[in-house]
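Peer 1: Combine both chains into one complex, guided by the hints.
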Amino acid sequence: MTATQVTPRSGTPEPPQRHPEERPRRVLRAGPLSATYRRRQLTVPVVVLALLVLVSALSIGRGDYPIALTDVLRTMVGLGDPAAEFIVLELRAPRVVVGVLVGIALGLSGALVQTFARNPLASPDVLGVTQGASVGAVAVLALGGGSSAAAGLLGGAGLPLAALVGALATAALVVLLAWRTGIDGYRLVLVGIGISAICTALTDWLLVRADIAEATAAYVWITGSLNARGWDQALPLTLALAVLLPAALVLSRTLGALQFGDDTARSLGIRVTGSQALVLLVAVALAAAAVAAAGPIQFVALVVPQIAVRLTGGSRPPLLASALLGALLVVGADLVARTVLPVALPVGIVTAVLGAPYLIWLLVSRRSRVR
Amino acid sequence: MTATIPHRTTTARGPGRVRLAADGVRLAYGADVVVDRLDLELTDGSFTAIVGPNGCGKSTLLRALGRLMRPTSGQVVLDGRAITSTPTKDVARVLGMLPQTPVAPEGLTVADLVARGRHPHQSWLRQWSSDDESVVAEALQWTDMAELADRPVDALSGGQRQRAWISMALAQGTDLLLLDEPTTYLDLSHQIDVLELVARLHAERGRTVVVVLHDLNLAARYAHRLVAMKDGVLVAEGTPAEVLTEQLLADVFDLEARVVPDPVTGTPMVVPVRRLNR
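Protein chains in written order, with numbering that gives the first Met the number 0: chain A, 0 to 370; chain B, 0 to 277.
None of these hints come from the bench; they were simulated from the model. The structure presented is a predicted model; accordingly, all values stated were derived computationally and were not measured. You may find that some hints are simply not true.
Stated by the list, open to error - In silico EDC-like links for lysine to aspartate or glutamate, alpha-carbon gap of 16 angstroms or less:
1. B/229 / B/35
2. B/229 / B/250
3. B/88 / A/262
4. B/229 / B/105
5. B/88 / A/261
With the rest of the complex left out, here is chain B (with noise of 0.2 angstroms):
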């Protein structure tokens, strides 16, 4: 059993690489404009979160970089080439992407949920090679879920579910995961080892990582960049300590809060003081 979970495919890597980018993209919902021309770069082995008010769009900025939505105009660039005219299939080899709340079907196992991970690397007379059977099981094995991989997906706690899920994108075997708000409806202590788990995909497999957040201080603390949006527009980019300013939480949250270290990991930290009216 040498076979591992490959940690790159493609050729377009090394840092500072450009894996994916948003080039002036306009987002809608038929008349309804969420995003407008939006500029945005990722790099390989990036952590980037994306944060912002509910409804400013950072989600469906993230469906439209998982190519799951079509912007109107301007257009989204996977590693040199426009992604809307890239083949399916060969877009989920290199970008894995987590919806928010994704829902198994009923008495699907986790097993067989993180096996329709490989879908993308296998035909029709192909269903499963013995790549695929080490692929998963180091994949179950990672994240903590072999013991649990003859269950059905629906009798797992949330906690559970969410790694299972993540376990199914690691063996899908992505260089580029995007999660949306991975840790909606987890209690505290999940949403670190959610976290914990998508941390360590970036720093051990060299996952380029994007994910949606809505908690500051988890965001600051786990992402290495930080994207903040405000009505559809990207309103300032860069290193946790940039972006979370005293300011910027009042001009993007309506929020008068201090920002200290963290005392745990020295990351910026948000003490909400209150809501400001204007």
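Isolated chain A (complex conformation) (with noise of 0.2 angstroms):
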């Protein structure tokens, strides 16, 4: 035994020493409601909370005319001044509120995917997601004739309505082309990369033939940005968010089950292909609302529910903190992006920044477990 001691449990028989892994189970209980928990699953989330707000604040306050932390925070609880008040809810705040819807649809499409293929590379990135709607939304400003269409492009409603087509239909592609009597999460793994890779193919001879503006416009959007973004773009990914959010947390009881493997999960008592058919569909939803709304952020959702999972501790993904965390990485990436860098940069080149090496490193961590 390596056990190092941590607590010695007093009044007990039990031996004196804990595994260093140990990590108790508690019970709430309100009314009929009841459910168990680590202490970490509830901490994580609280401090994750108090950390957005606080950096919501910061990227609320930041800008060409810049309003102190106290203010805005001031401001947000209704006791600013009028002038803060203006600049705080009508021209900032949509922006960061954007971050926040997109970043928890892209946390809590990555835990479902991640848990649902028990495969922590997998991700909406991977399903083609991501790369289904640049298709889309390039093909509208590329094809859809002249720069009127560009600059027309963050207000319009026909290129979030391209995306999100794009990326249902690229996703819907996958999963039927990965399924064999059930999914496998493997195979969808693979599958996905292969047609992400067509997708991206599409959207390079797209932006080839259209004009340089077109292109440009193009460009930003398929790196993902908040610039512009507000109400517009809030509003429907609250709306989505309102059914989906919902419907994730009560998927997670039966992403319990099915982490399992198919045969442990059906003598469980769980319906497995269904319950599969479902969860796919809220993660391709919830990731495809975020995508139309902010174009594709890369990496949030593949970087976010591992970090969570390795913070609260558990067996797979929590879907309450990867939410949170997701918000977090946004805008906190979207205030790198607008304010350290000497240009003001696409919040998805930071996160691709980000993410990148994280991936490489959990390539090569996860090989050198296993072998």
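Peer 2: See below:
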């Protein structure tokens, strides 16, 4: 036994040593509602939420007309002066709200896909959602005709809709091709990579055909950005989350059993194929909604669930913590993109710069553990 | 703390009553027929071991009995009802199945694993009742896993891991328990350990047990009924003494062997002589 002494339990005849990886369960009960949890599963979301409020306030405060953090916070609770209120609520908050909502959707979607595929490399990016959305969006920009389309790019309903359709169609294609009486996570990832490559090629071809102004607009969109995003994007995203967030939480219980593999899940009373389809549907819809609002912000859905599971402990990415961490990462990366660097960059570049090394680390560390 | 693991929940009980039956079952993977027109009846409170050479279809049969595989013809009947037309959750409250070498997700603790056994008894609103709590605690105690409850399953030894899975099956509280080679990859003393645990589940908890086993001597020692299969066909069925004859060993296993009484239990014991070439 290499167990180190943590906290000796007094008064019980149990062995005094506890394994370092031990995590005691607790029970939460409120009338007919009951669930088990571990302490970190509650503390992590609370801490992340506090950080999210702080970073959001910082982000709102930064800009051509800086506002002190305390003034931002005061305005957020309705105690600010009218000038600050206008800037905070009308001009800057919408961007941050979109960032928060996009992050929640991406974090949740990633947690669902990774649990479902039993693979930390899986994410909606791998399912082709982002690449499919790019094809849809770039097709509208490049084929939709003229630079007027590019000018009305962010306000128009056509582009988000095209991105949504592209995302859903691509994910449906990936799932259909990976389907064999059920879904194997590994197969899903492989088919997803193939289809994503085809989508990327299509996007490039469309970009080559487009004239330079359209291509530039399309390129910014492909990177994923919160620039000029406001209530027009926040509203549909809020509606989508109002449906999909409860759906994801209801699926949480089934996910716990699905993790085991088909045979064990089935003998625990899970209708495996139906449950898998439902999880995929919710995950793809979440990612597609996020992409339609802000463009494909890369790596958030891949990285966040793995960070969340390492923070909370346990055997699968926690849904709530993943959602909040996603929001924190997107808003935080946007803050960095806008302020720390000399040029204002799209947020997707910052997440990609953070995400790529993480992906490499994940591949290397998993390989050394398995072999 | 008066709640205990329920002994039986359904009404279809009593000695001699058929709980689970295969009725002319034909099982195939694509065009490859593994089991053909097989009939088998498992009565309430019985302890049956399915034996046979590798590839004889015994694990496939067990999967069909556990509703993990749909017969291409014939049917599996659970408590008088076709198992394929019974809702998954209803089946999961009566019939538990432990697949061969099941895999637990990385980082899952023993207590969490055992708690997942309560899944068929829970709903979204009622995720964790005090009944669940005491059933899981008792299942952990009963399988000697209480001290390891907060350990990750992947940090356990092979024998402990198998105990944890059996603990989960116990917490599921099913009358019927199907185990696919629960002793695979275990050393002899841990094989005995696991089978003793299963035998106690049968004797003390009144579980109806069906187990696929490779070791004939252990099968004869623990099971009250043996089913011998070869090439997807049921060759013999009966008490260990009726089934484990020298003739059967030659027919089914291509093995010349002596069968002598086990010096400890008196059950038949196979002493191999040589493999028959045919």
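Peer 1: Could you run down the list of hints and mark each one as holding or not?
Peer 2: Results for each hint:
Taking the CA atoms of residue 229 of chain B and residue 35 of chain B, the gap is near 11 angstroms; set against the 16 angstroms cutoff, the hint holds. Between residue 229 of chain B and residue 250 of chain B the alpha-carbon distance is near 9 angstroms, which keeps this suggested pair within the 16 angstroms criterion. Our distance criterion of 16 angstroms between C-alpha atoms is met by residue 88 of chain B and residue 262 of chain A, whose separation comes to about 14 angstroms. Simply put, residue 229 of chain B and residue 105 of chain B have alpha-carbon atoms about 37 angstroms apart, too far for the 16 angstroms limit, and the pair is violated.
A distance of roughly 15 angstroms separates the Cα atoms of residue 88 of chain B and residue 261 of chain A; the hinted pair therefore holds under the 16 angstroms criterion.
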